[in-house]
Structure formats: C-alpha cells, structure tokens
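2 protein chains.
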Amino acid sequence: MSETQPQNYGRVALIGLGLIASSIFWAMKRAGMESHVTGYARSAETRETAKRLGLCHEIVDSAEEAVKDADLVILAVPVGAMGPIAEAIAPHLKPGCTVSDVGSVKQEVIDAVRPHLPEGVNFVPTHPMAGTEHSGPDAGFASLYDNRWCLIVPDGAPEEATAKLEAFWQALGARTEQMEVEHHDLVCAVVSHVPHLIAYTMVGVADDLRRVSDQEVIKFSAAGFRDFTRIAASDPTMWRDVFMNNKQATLEILGRFTEELFALQRAIRTGDGQLLFDYFTRTREIRRGILQAGQDTDAPDFGRVKVEK
Amino acid sequence: MSETQPQNYGRVALIGLGLIASSIFWAMKRAGMESHVTGYARSAETRETAKRLGLCHEIVDSAEEAVKDADLVILAVPVGAMGPIAEAIAPHLKPGCTVSDVGSVKQEVIDAVRPHLPEGVNFVPTHPMAGTEHSGPDAGFASLYDNRWCLIVPDGAPEEATAKLEAFWQALGARTEQMEVEHHDLVCAVVSHVPHLIAYTMVGVADDLRRVSDQEVIKFSAAGFRDFTRIAASDPTMWRDVFMNNKQATLEILGRFTEELFALQRAIRTGDGQLLFDYFTRTREIRRGILQAGQDTDAPDFGRVKVEK
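Protein chains in written order, with the numbering used here: chain A, 142 to 450; chain B, 142 to 450.
Source of the hints: derived by calculation from the structure; they are not laboratory data.
A few of these clues could be false.
Which residues of chain A face chain B? A partial, calculated answer using Cβ under 8 Å [unchecked claim]:
hint, residue
1, I251
2, V344
3, F384
Listed next, the in silico BS3-like pairs over lysine-lysine satisfying Cα-Cα at most 27 Å (straight line) [stated by the list, open to error]:
hint, chain 1, residue 1, chain 2, residue 2
4, B, K192, B, K170
5, B, K360, A, K305
6, A, K360, B, K305
7, A, K388, B, K360
8, B, K170, B, K209
Ideal Cβ placement from N, Cα and C applies to all residues, glycine included.
Please put together the full structure from these sequences, using the hints given.
Right, here's the structure in full:
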C-alpha cells in the first residue's frame with residue numbers, strides 16, 4: 142500500500158476504548174504499524190478488560206497521561222463527552238500533534254472541541270462509517286473498517302496533517318472522502334441517524350404491543366423487522382448523543398419522513414393503490430443504484446445470508 | 142422425513158408463477174415429490190419464461206384448465222387477484238380437492254375466496270413467511286422456505302386436509318404453525334407489513350431529498366439505510382395489495398408507530414437524553430430474545446455478512 146507510507150505516527154493515544162478504538166488498534170496491528178499505542182478509558186473496569194485483551198501497548202489511568210508525547214490523539218468517546226475530554230487533555234498535548242475524533246456528528250463536536258485546543262495542534266475530525274450492534278473493548282476486530290467509508294471533515298485543518306490522517310485510515314482498510322461539516326451532518330442524518338431512530342421506534346412499538354406477545358414477535362420476526370431489531374440493539378449512549386448533537390438535521394429529515402409516511406398512510410386509508418404502487422416502484426431504483434455501486438449484494442436470500450461484494 | 146409422508150398430492154396446480162410458486166415447484170422437486178404440477182400465469186410472457194425454465198411439468202393457458210383434476214390448488218397471485226381467480230376456477234375444481242393461497246394477508250383473502258368455493262372443497266389458507274426483493278418466475282429457488290415459517294390459518298378447514306397441507310409445507314423445508322385469522326393479520330402488520338412501509342418511506346425521503354444527491358445516498362449508504370433499500374425493492378404490486386387488504390391492522394400499528402416516533406422526536410427537540418437512553422436500552426432486550434430464539438445470528442459485522450444459524 143504505497144499510498145499509505147506516510148501513515149506512521151510514532152505515538153498514538155486512544156481516548157475511549159470501545160468498539161471503534163479497539164478496532165483501530167487491531168487494524169493498526171494487522172497493518173503492521175509500528176506506532177506505540179497508549180489507551181485510556183474512564184471506567185477502571187474497561188481499562189482492566191483492555192489490559193486483559195492486550196489492547197494497546199500501554200493502558201494508563203488518565204487522559205492527560207495518555208496524550209503525553211502523542212503524535213496522534215484519537216477521541217473515541219460518545220459525542221457528548223468530546224468537549225470535556227478535549228478540555229482536560231489540551232494543556233498536555235504535544236505541539237504539532239494531530240487531534241482527531243470519530244464522532245458520527247461533526248458540527249457539534251467541532252464546536253465543543255476546537256475552542257480548547259492550543260495553537261499549533263492540528264484538529265482533523267473524522268467519521269468512520271462502520272460499527273456493529275456490539276459495544277465495549279472486547280467488541281473490536283481488525284477488519285471492521287475494511288472497505289467502509291471514513292469521512293474526513295478537515296474544516297480548515299492543514300493539508301499535510303489531513304493527508305497523513307487520511308493515509309492512516311486507508312492503512313486500516315477504509316476508503317476515505319473529504320466532506321463539508323454541515324453537509325456531512327445532513328447526509329448522515331439521511332443514511333444513518335434517522336434510519337436508526339425509526340428502527341428503534343418500530344422495535345419499541347412491537348415490544349409493548351400487548352396483543353402480540355413478545356414471544357410471537359420474536360418467533361415470527363421476518364426479514365425487515367429482524368433487521369430493525371439488529372439496528373435497534375446499537376449502543377444506547379452513543380445513539381442518545383448522536384440525536385442530542387445532530388438535532389437540526391435529524392429533526393429536518395424526520396419532518397420529511399413523517400410527511401411522506403402520512404401520505405402513504407392516507408393512501409392506505411383511502412384505498413389509493415396507484416399512489417402506493419408508483420411510490421414502491423420508484424424506491425426500487427435507488428436500490429438498483431446501490432447494487433451498481435457495489436455497496437451491497439444482490440444475493441436472492443433477502444434477510445438471510447448477506448455477503449459483501 | 143417420516144412426518145411428511147402424507148404430503149403427497151397426485152396433481153398440484155400452481156396459479157400464478159412468481160417467486161413463491163416457482164420456489165414451491167423447485168422445493169417439491171428437491172423433496173422428491175412425485176406430484177404432477179400444472180402451472181398457469183396470466184401473462185403469456187411469464188408462461189413462456191416458465192416453459193423455458195422447465196418450471197412445472199405442464200404450463201397451460203387458463204386457470205380453469207390448470208385446476209382440472211388437481212388435488213391441490215395453490216393460489217399464488219397478488220392478494221387483490223385472489224377473489225376473481227377463485228371465482229373463475231370454482232366450477233372446474235375436483236370435488237374433495239384442497240384449495241390454498243399464499244397471501245400475506247388472510248382475512249381479506251378468506252372473504253374474497255371462500256364464497257366462490259363449492260361444497261366439499263377444502264379451503265386451507267397459508268402464509269409462507271419467506272421472500273426476496275426479487276419477483277417473477279426466474280426468481281425462485283428450492284431453499285427459499287428452509288427453516289422459514291409457513292403460517293397455516295385453517296379457519297374451520299377439516300383437520301385432515303389441514304394436516305396434509307401442513308406436512309406438504311414441512312416437506313418443502315418450512316416450519317409450520319396454525320394461527321387465528323385476525324391474530325395473523327395483526328402479527329404480520331407488526332413484524333412485516335409496517336416495517337416494509339417504513340422502509341419504503343425512508344428510501345423515498347432519501348430519494349427526493351435534493352441537497353443530498355442520490356449519488357451520495359448510495360455511496361455512503363450505511364448499515365440500516367442499506368437494509369431499508371433492500372426491503373424497499375420488494376415487489377410493488379404485492380405490497381400495494383398487502384396494504385390495501387390489511388388496512389385495519391396496518392393503520393392501527395402505524396398509529397402506534399407515529400405516536401412513539403413523535404415521543405422520541407419531542408425528546409430530541411427538548412434535549413431529553415434520558416428518555417432516549419432508556420428507550421434505546423429497552424429495545425436491546427427484544428433483540429436478545431431473537432438471538433436466543435435462533436432467528437438471527439450474532440455475528441459481529443452488523444450490516445455486512447449475515448449468516449443463518
């Protein structure tokens with residue numbers, strides 16, 4: 142991977158040791174990076190688990206200690222915790238180092254983090270679009286980022302620092318693309334945040350519907366609903382923070398969603414089959430586009446085995 | 142499969158030759174059934190394709206001809222077409238034969254079909270809960286029903302005829318369970334119909350959102366949304382009919398859904414993170430139940446490879 146030669150950071154600090162950070166470490170190992178990785182997590186239990194798993198070369202008891210001499214500091218904590226952490230580590234950052242975050246929301250994170258960072262420190266926000274419904278230090282795996290997108294939101298960061306971090310993520314297996322802050326938050330509301338909220342809602346409805354026993358909902362969970370339950374098992378803290386911090390875009394897309402849903406609901410009530418048929422026909426197109434883009438497989442076993450191209 | 146010995150019908154007629162019927166034929170072949178299968182589809186093009194594929198032992202040009210001397214007649218047409226077809230074939234049905242349908246909705250189908258059927262013909266409605274986003278005679282495959290549920294809604298049909306059809310479906314690889322009509326329609330609205338409508342809606346929103354180019358929605362389609370697009374590529378005619386014919390249950394569940402969604406939307410607007418956290422934590426439980434029921438896998442690669450247990 143010649144384009145990833147500039148990837149190497151001498152010392153890397155991972156702040157937060159959940160699914161994302163632990164996967165970063167395992168992917169760095171797989172890529173043969175020689176960086177020395179120091180890790181910190183707020184909870185002593187998480188730090189103990191990390192030590193037991195051999196996660197990072199060194200686990201320390203404070204964020205301040207973790208970032209000491211680090212050339213790259215990655216904030217991998219829930220979006221709501223980014224600001225306080227940035228404030229705590231700021232005085233201990235090495236001049237010229239790069240600070241990055243992996244939050245699913247960018248504007249709020251930038252607003253919360255940048256004011257604390259001293260002159261001469263490069264802040265390069267990122268958003269690796271990868272995850273599972275599992276969380277914690279033992280949930281990570283080296284291939285999590287393979288062929289997934291890692292969006293880079295430089296927002297004015299120096300080109301050299303940005304290019305180096307981009308190469309770092311490519312070395313972890315990810316595809317990278319730069320994006321404007323506001324646009325990032327809107328795109329993610331559409332392709333990720335609102336779909337997650339909807340899935341959470343549908344599972345919640347099924348869960349407390351008394352005339353359909355949970356047992357039946359589970360037993361007969363068909364494709365569609367079963368996928369929803371998978372999405373709705375994602376980390377509650379992370380997602381609470383996503384919605385708290387991407388409020389504007391989320392509410393805007395939710396508004397559009399309910400507007401559309403009511404139109405379809407009305408068509409069902411009034412028996413307007415043509416409207417439904419036309420709508421369902423139109424949505425087939427975007428699916429075809431995704432298949433052509435190689436973002437998913439066309440295997441004829443919807444809701445069962447799904448294999449990445 | 143000793144429990145499936147009573148499965149054998151001498152002559153079987155498949156009315157409609159789409160994904161469901163063609164998969165029934167291939168599964169019958171795989172099971173080594175010796176029934177003679179006659180097929181009919183309204184469209185001449187579909188009949189030609191069926192002949193080319195070797196689908197059924199005989200393809201005929203009318204439903205009346207197809208059901209002649211048949212011991213089992215399976216109506217595999219969109220829900221809205223069940224009544225007219227039943228009316229057309231009724232005078233040609235063999236006394237004592239079993240008529241069944243594979244509609245995703247049961248009350249409306251029963252109301253549309255039963256009045257046409259003569260005395261002495263057994264009507265045993267079923268609902269195989271399996272499918273893909275593909276449709277047509279060439280979309281079928283022998284393993285579609287393996288380990289999937291086929292709900293049997295006898296609604297007063299003779300026990301012997303019901304047991305025989307149940308054995309038939311088990312021989313095709315399906316698990317079977319008997320259910321009351323109204324309860325079936327409600328359960329399916331929850332685990333299948335409304336989730337599909339929601340997915341169609343979300344994809345529709347993304348599709349006509351101008352500031353997010355389709356290209357980006359496709360390129361960055363993350364887990365969650367990508368699953369939605371898969372669901373939203375299902376057969377428009379079939380789904381139009383499902384919603385037209387399961388109106389009551391669909392609207393009831395949709396009402397509950399929007400009620401819940403608005404509660405979460407309000408929490409986002411007002412910044413009530415605790416409500417969101419508690420809600421998201423609760424939905425994790427139902428997911429655990431599905432895993433315990435072996436209805437899905439716990440593979441740590443959400444949105445990517447999904448393997449059936």
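To see whether the hints hold, each was checked on the structure:
{"no.": "1", "hint": "I251", "verdict": "violated (19 Å)"}
{"no.": "2", "hint": "V344", "verdict": "holds (4 Å)"}
{"no.": "3", "hint": "F384", "verdict": "holds (5 Å)"}
{"no.": "4", "hint": "B:K192 x B:K170", "verdict": "holds (16 Å)"}
{"no.": "5", "hint": "B:K360 x A:K305", "verdict": "holds (23 Å)"}
{"no.": "6", "hint": "A:K360 x B:K305", "verdict": "holds (23 Å)"}
{"no.": "7", "hint": "A:K388 x B:K360", "verdict": "holds (23 Å)"}
{"no.": "8", "hint": "B:K170 x B:K209", "verdict": "holds (21 Å)"}
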